[in-house]
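S.K.: Chain by chain, the residues run as shown.
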Amino acid sequence: MATTLAMFTDTSLCIGCRACQVACKQWNELGAEAPEWTGTYQNHSHFTDETFRLVRFVEQPQPNGNLAWLLMSDVCKHCAQAGCLDACPTGAIYRTEFGTVNINQDVCNGCRYCVSSCPFGVVAFNEDTGTAKKCTFCNDRIHNGLGPACAKACPTDSIQFGARETLVTKAQKRVETLKAMGFKDAQLYGADSNGFLGGLNAFFLLLSKPSTYNLPENPRLPQRNVVVDSLLSIVSAVAVGVGAVFAFRDRGKGDGDA
Amino acid sequence: MLKTPHWEMMVVWYFFLGGIAGGAYFTAAIADNFGGSRDRRVAQIGYLLSLPLVAICGVLLILDLGVPLRFLNMLRSFKFWDPMSIGAWALGVFGLFTLVSSVLSFSSSESTIALRRKIGLVGILFGFFLASYTGVLLSATALPFWSDARLMGALFLASGASTGMAAISLIMFATGAGSGDGWGRVKKADRFSMIFELVVLAVFLALLGSAARPILSGQFAALFWGGLVVVGLLIPLVLEFVGHRMRAVGAVSAVLVLVGGFILRYVVVMSIQS
Ligand code: SF4
Ligand code: SF4
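In order, the protein sequence lines correspond to chains F and Y. Under my numbering, residue 258 is the last one in the first sequence; the count climbs by one each step, no gaps. Under my numbering, residue 1274 is the last one in the second sequence; the count climbs by one each step, no gaps.
I should point out that these hints are in silico values taken from the structure, not numbers from a laboratory. There may be inaccurate statements among the hints.
Stated by the list, open to error - Which bits of chain F does chain Y cover? Going by a derived footprint, with three or more residues having C-beta under 8 Å, they are:
| id | segment |
| --- | --- |
| 1 | 90-96 |
| 2 | 102-114 |
| 3 | 144-155 |
As the list claims (entries may be wrong) - Take a look, some chain F residues computed to stay more than 10 Å from chain Y by CB distance:
| id | residue |
| --- | --- |
| 4 | Glu36 |
| 5 | Thr40 |
| 6 | Lys209 |
| 7 | Leu215 |
Where a beta carbon is used, it is the ideal one built from N, C-alpha and C, also for glycine.
Same shape as in the complex, but just chain Y:
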């Protein structure tokens, strides 16, 4: 007797791109603060990637409304217990962070860099928020499976991190970043995120038990196991470990991680609504 919200592809894209934006920014800020001078490129790509993604997210969020012109009504109230409410606020604030960090990423003056690093550390919080709140938003509904999934936010966050890193490495590959530019480190961080995501996913399923039926049986099961688990996590991990000396292999694995991240959002959002 429950009703589903009929959220469709725009919401799936929003969740997916928001995850990448959060993950890319967080990777950039970590590289900026903890990496060496060779990781500058990682930082710049991450910042510059998160900016347009957040902008697209904003557009998707608005277009998906029943009355898009009333999107500012989202900011009429601030409910700290309501993911949809703080999510809208956080998206706006995070957008400002990505903008400032992107602009500052072109500067090489020491004082600007120091400022950018500090801003990055605060921005990380909003990046993490954007990557995970969409999961908590689903789990705070009345619908089965979504509301049974205690780790939905944690899983979306892990996926946001791994897809954000994959996106950065893919851009490095495409723009021909030289070997001194932190490629290996992004890849290393991505491997860790993927392994962590697998662990979270396993616990997520274990905690759900039979409540996970919408994604484990029926038409979405093949997509979940084949698309997310095998193609989106296991194969890229194997590729990373056997072929991490070859950049092309690393690029292929990054593409697969992105595909997996999209499938995760797709399967979760669509399975109980079909």
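Bound-form chain F, shown alone:
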């Protein structure tokens, strides 16, 4: 397997210019969408079938009555344990040799199970193609030695691309620096490959706790429920089965009919 690649989004460097969002649209030929009034500068409120990179504008009320921004360029996390991938019945969603998660548009049949199985609500359904869409990690670019379009376009290096291991080390140093500068809540999200979902191949540096950015604190793989729920269904089956056997069994007492 090739080196695991990653995107590291350092939100402390983001200036909210949305160059990444635009570069993603251009490279991936994603259509324009009607703007959506979200109450903040953020547009759209969430990923869509035409928006794979999305700059979030999180407004923080300050003691003096003003608002401060927390900015975050959000994207598919390319989880090491990906709910979307495990859910896909057609095998359209696959892991590339770089560790990224991609949807083969020629195989997807539009069952939409992945849409409900991503712990981050990333995958979106496209009515025109009838298939599921999400960030491809610029699959065509990385297979030609280039980084993703968003990382290339980012003027502040808020989005960095490279070998996962190198980026994690870099990110950890950056957290130290920020802490020393007084950003006491600076933390990494998804960098730990022993952490939730086996680590995210698109991981983040946040300046506040994940929930501030509307990120789940401890996302879990949806498929974890299958075993227990199936066993409980079997218990249910045995109960109904035994009931029915008894109902049909009492031959001695006649049919029980009126």
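Given the structure of chain F, go ahead and fit chain Y with the ligands onto it with the hints provided.
M.R.: Frame of chain F, contents of chain Y with the ligands only:
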């Protein structure tokens, strides 16, 4: 920040009819194997009912896809931990069982009957699977309420059994099956399934606690309590116990059970998607 899949009425119908198909087949196979010769009719109706229902389920499943022509892609992989994947396989296999059992149900030769019974016992497993996997499929998503419901599959299974039996008894009523034909036994089994379903439903809600809010408050609450609990379970149970000597009452109760089964799927699927 989560997304719902926008599954709509076709999925509700699929879940509902799949439950009946599984329940009817299972009832038929039990009647076939454990009942007397008078229960033959129950067995035949159950087998013959499950066959078209499975066929309709297949059509619904295909039509609901974004690209229906690619439905065979479902069989490109087999993921035993993925309800959507094994579900598609199991639907196909169960379809074969319903077909074979239906054909064999017309035979009266002893050896065919013996074979049909054995096939029925294996087919039961797939029938149960079809009735319950749709619940597990919902609980294996990332969405709240669905993924919090540990008993979703168990509840769908109990409902599949009670609606399957109700459907059989309704057909017996409509085709004027005589009193020797096992009507009383189907009804008895159905009463048991309904009581069991009520118990599972109670535990289901107790385990969910506040996670059950999508169905317990807001626009779906009335449908849940009134439609499923009262009209779909309590009233039919009362009818069964006070009026089980009258066939018409039994038929009415069967209709209500079917209505309740549909409402269960509707409320569960639609509540968090609206
Ligand atoms: S973030 Fe969602 S869509 Fe992206 S890999 Fe993880 S589960 Fe799949
Ligand atoms: S919608 Fe497509 S990509 Fe998503 S689970 Fe279904 S087949 Fe797989």
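S.K.: Confirm or reject: Leu215 (chain F) is not an interface residue toward chain Y, with every Cβ-Cβ distance exceeding 10 Å.
M.R.: Check fails; 8 Å does not lie beyond 10 Å.
S.K.: Establish whether the coverage given for the segment 102-114 of chain F by chain Y is satisfied; the threshold is a Cβ-Cβ distance below 8 Å, and no fewer than three residues must meet it.
M.R.: holds (count 7)
S.K.: Would you check whether the claim that Glu36 (chain F) is not at the interface survives, using Cβ distances to chain Y and the 10 Å cut-off?
M.R.: Glu36 (chain F) clear of chain Y: closest Cβ-Cβ about 15 Å, beyond 10 Å.
S.K.: Is the Cβ of Lys209 (chain F) farther than 10 Å from every Cβ of chain Y?
M.R.: Label holds. Min Cβ-Cβ 15 Å, cutoff 10 Å.
S.K.: Can the segment 144-155 of chain F be counted as covered by chain Y under the rule of three residues or more with Cβ-Cβ separation shorter than 8 Å?
M.R.: violated (count 0)
S.K.: Please verify that the nearest CB of chain Y lies beyond 10 Å from Thr40 (chain F)'s CB.
M.R.: holds, 15 Å
S.K.: Are there three or more residues in the segment 90-96 of chain F whose C-beta lies closer than 8 Å to some C-beta of chain Y?
M.R.: Holds: 3 residues of the segment 90-96 of chain F have a Cβ under 8 Å from chain Y.
Consistency with the previously given hints fails for numbers 3, 7, ordered from lowest to highest.
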